[in-house]
Amino acid sequence: MTLTKVWKKLRERNWEQYRQFYFCVGFAVMLVSSYLLMLNSPLVQKTLPDGGDSRKQVYMMLCLAMVGCMIFVVYAANLFLRYKSREIGVFLALGTDKGKLSKALFAELGKCTLVVSVVGLAAGGVVSFLVGKLFEAIAKGAAVSFFVFTGTGWLYGILYTAVLFGVIMILTARFLKRSNIMDILNEHRKQEPLKRQVSFSYLLTGIVLTVLGVVIGFVVPNVIASVFHHWLGGWTNFFYILTLWGLYRIMVYSVSCHKKGRNPQKYYKHLVSYGLLKFQGASIVRNMLVITLLLLGGMFAVFYTPSQMNSMNASLDAYEAMYSYCYTEDAEELSKNEVFALAADYGVQISNYREAEFLQVLGSGVDRDHMDESGNLLEQYEKKHAVYECISASQYEQMTGQKASVEDGTYYMIQSEDAYENVFNRFDDMDQIYLEREDSYLPMEYQGNVIYQSLLNGDWGFDINARFVVSDGDYKKIAAHTMTYPRVKQVLFDSDKPEKAVEFNNELYKIFAQRMSDSMKVGSNYDAYKAKTSEPDSMYAMEAIYDADNPVKESDWQYEPTLLVLKEKNGLMTYAVYLLIFLYVSVICLAAVVVVAYARSQSVGLSSRQVFEDLEKLGADHGYLRRILRSQIQKVYFLPTLVGGLGILAFEILMCQINDGRLTKQELKMLPVLAVITLIMMAFQYLMYRASLHKVQKELSLL
1 MTLTKVWKKL RERNWEQYRQ FYFCVGFAVM LVSSYLLMLN SPLVQKTLPD GGDSRKQVYM
61 MLCLAMVGCM IFVVYAANLF LRYKSREIGV FLALGTDKGK LSKALFAELG KCTLVVSVVG
121 LAAGGVVSFL VGKLFEAIAK GAAVSFFVFT GTGWLYGILY TAVLFGVIMI LTARFLKRSN
181 IMDILNEHRK QEPLKRQVSF SYLLTGIVLT VLGVVIGFVV PNVIASVFHH WLGGWTNFFY
241 ILTLWGLYRI MVYSVSCHKK GRNPQKYYKH LVSYGLLKFQ GASIVRNMLV ITLLLLGGMF
301 AVFYTPSQMN SMNASLDAYE AMYSYCYTED AEELSKNEVF ALAADYGVQI SNYREAEFLQ
361 VLGSGVDRDH MDESGNLLEQ YEKKHAVYEC ISASQYEQMT GQKASVEDGT YYMIQSEDAY
421 ENVFNRFDDM DQIYLEREDS YLPMEYQGNV IYQSLLNGDW GFDINARFVV SDGDYKKIAA
481 HTMTYPRVKQ VLFDSDKPEK AVEFNNELYK IFAQRMSDSM KVGSNYDAYK AKTSEPDSMY
541 AMEAIYDADN PVKESDWQYE PTLLVLKEKN GLMTYAVYLL IFLYVSVICL AAVVVVAYAR
601 SQSVGLSSRQ VFEDLEKLGA DHGYLRRILR SQIQKVYFLP TLVGGLGILA FEILMCQIND
661 GRLTKQELKM LPVLAVITLI MMAFQYLMYR ASLHKVQKEL SLL
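Heads up, the sequence shown is in full-length UniProt numbering, so the first residue is 1 and it goes up one at a time.
None of these hints come from the bench; they were simulated from the model. One or more hints might be untrue.
[To be verified] Label-pair restraints from in silico Cβ distances:
| # | residue 1 | residue 2 | range |
| --- | --- | --- | --- |
| 1 | 379 | 655 | 41 to 51 Å |
| 2 | 638 | 224 | 47 to 57 Å |
| 3 | 445 | 480 | 43 to 53 Å |
| 4 | 514 | 150 | 41 to 51 Å |
| 5 | 634 | 137 | 40 to 50 Å |
| 6 | 201 | 237 | 23 to 33 Å |
Beta carbons are placed, not taken as given, at the ideal position from N, Cα and C, and that holds for glycine.
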């Protein structure tokens, strides 16, 4: 009988070992290949803008998914080889030539990996097809393309599979390089005890290091930047190693530190369990740490979707008008009569239509775009800083219904309800306006903010996007003494939502984009003055990125109209892309948690089989043995789940607080949702613990 046939017989006899290996490799290939097929489909590619931040974020998450699956497969392959070590050792002890054995093992693993990879690729195709069609159904009416398979997607999937295949072969070669037969033969029995005793101070230092790593790596750089306007640089990220070290110490303490204390009877009652934990302590601690980190990554990805959906809904609720757009006076945009006529064609009833005129004027400000060599923020006051937009108090009142009492020489900034100052932006940066006809400056004093989201320019309304309300007298003076920059007409109105409201909004968007002037084809950070005084490739001189026929596609366009019907409809499409991507990442991380925890729990129990048999011979009943086994497997699940769940929830709260120095209403509303998600994850982990415990009890005949 050839070695190939012997391996086949062993495969049939030890199907449990192969099944776990098949599942891990196949699942990893399926996840990444389906991800790649979706990512390279026209459905996703036509939604993400070329060169945009969202596209970069998507590919960053792809890299994370690939690395996660790689770790997943490496762990499974090492575990499989450990199971095979006894068989290999027996062959070597019987005199089998190591070269022939190596070839046979390579052939066996290569065949198994190839077969399961092909199945994984096929499954990935099926999954991506089903998800793509579901994606189309969710975004029905907003989708700009359909899901189809692409050669690029298949090619990348095959290349990644080939990399996994190569990694498995390298691990196999490294395993076979061992020359000591007994080392190979006893590999599956190898224990990794903790080699040191630890005290309560070890736990305290672990907690301190965990917190210290987050504080120095995340909190301190943000606080120093906010208070002292100094950037420490990327080197602070290395302090996250302290957090990793601290978590390790916490895990070590939970496994190794057991003292008599005030209740020695309890200590002696669990003495066998404590001894077993210490005997396998090093490997258990490593797995606990891996599970904790995977849970942190997976839950971070899970939190992304509800957080973003909450942010989107909050931003839409803040708009006072359903339709808001502006255009320069040199553009031949839709007139009021044309808008009403277009709406009538689609059965849409328009109400509360109003117009106003903003003046574009050069004003003073503070340049905070640069840092010195030491990382300190440079603040440079400039009399000619940026082009702002100003509206008279009477026009503002007519547009918003809000009474605005503005004295000459003062102004109010138009802002959102949640606006706040930060390191780069201040409400009162502008203190004079340039009157070019007189070559003089009109002093201005900041009086406060007025809140009207629909008149906000850009996402923040600061600096180059700032809009101000000035007195009627100052408005006339500015209008009479400025001429370089075109005036801007602002349009606001509302409507009902009949069946064809989406079609009306799509057509309005299309016509607006087609009829705009060249001066409107600029990016969201464009500034007419800075574009002339900065480098040609500066962000202040970028051209617009938009698609008149595709409002779903993410754009970078200063004059993009805000049409709430489209935002509500297409927002789902935009966020569905991110939902899909982060869902993949969360599935990968959480699936890895399931496999690592399940495999570790099986290993913990089955490696102690001889101990359980000996205890039973000494008179221990099954109830006592089950308690010992339960305490062993609980270590794999309980502490990592608790640290991972509560840790990521605390970090999410910390991020919200650090980002803008406060917790907004929307963020406070979001916290209970995140807490519920964390509880669901913990409940799932508990179910997996029960399933793992039941399986090991069955294997050890303890049921």
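Here is what the structure says about each hint:
1. 379 / 655: 41 to 51 Å: For residue 379 and residue 655 the Cβ distance comes to about 27 Å; the hint is violated.
2. 638 / 224: 47 to 57 Å: Violated, since residue 638 and residue 224 (Cβ atoms, about 37 Å apart) do not stay within the stated range.
3. 445 / 480: 43 to 53 Å: Cβ of residue 445 to Cβ of residue 480: about 21 Å, so the range 43 to 53 Å is violated.
4. 514 / 150: 41 to 51 Å: 30 Å, violated
5. 634 / 137: 40 to 50 Å: Distance hint for residue 634, residue 137 holds at roughly 43 Å.
6. 201 / 237: 23 to 33 Å: Given range 23 to 33 Å: holds, Cβ gap about 28 Å.
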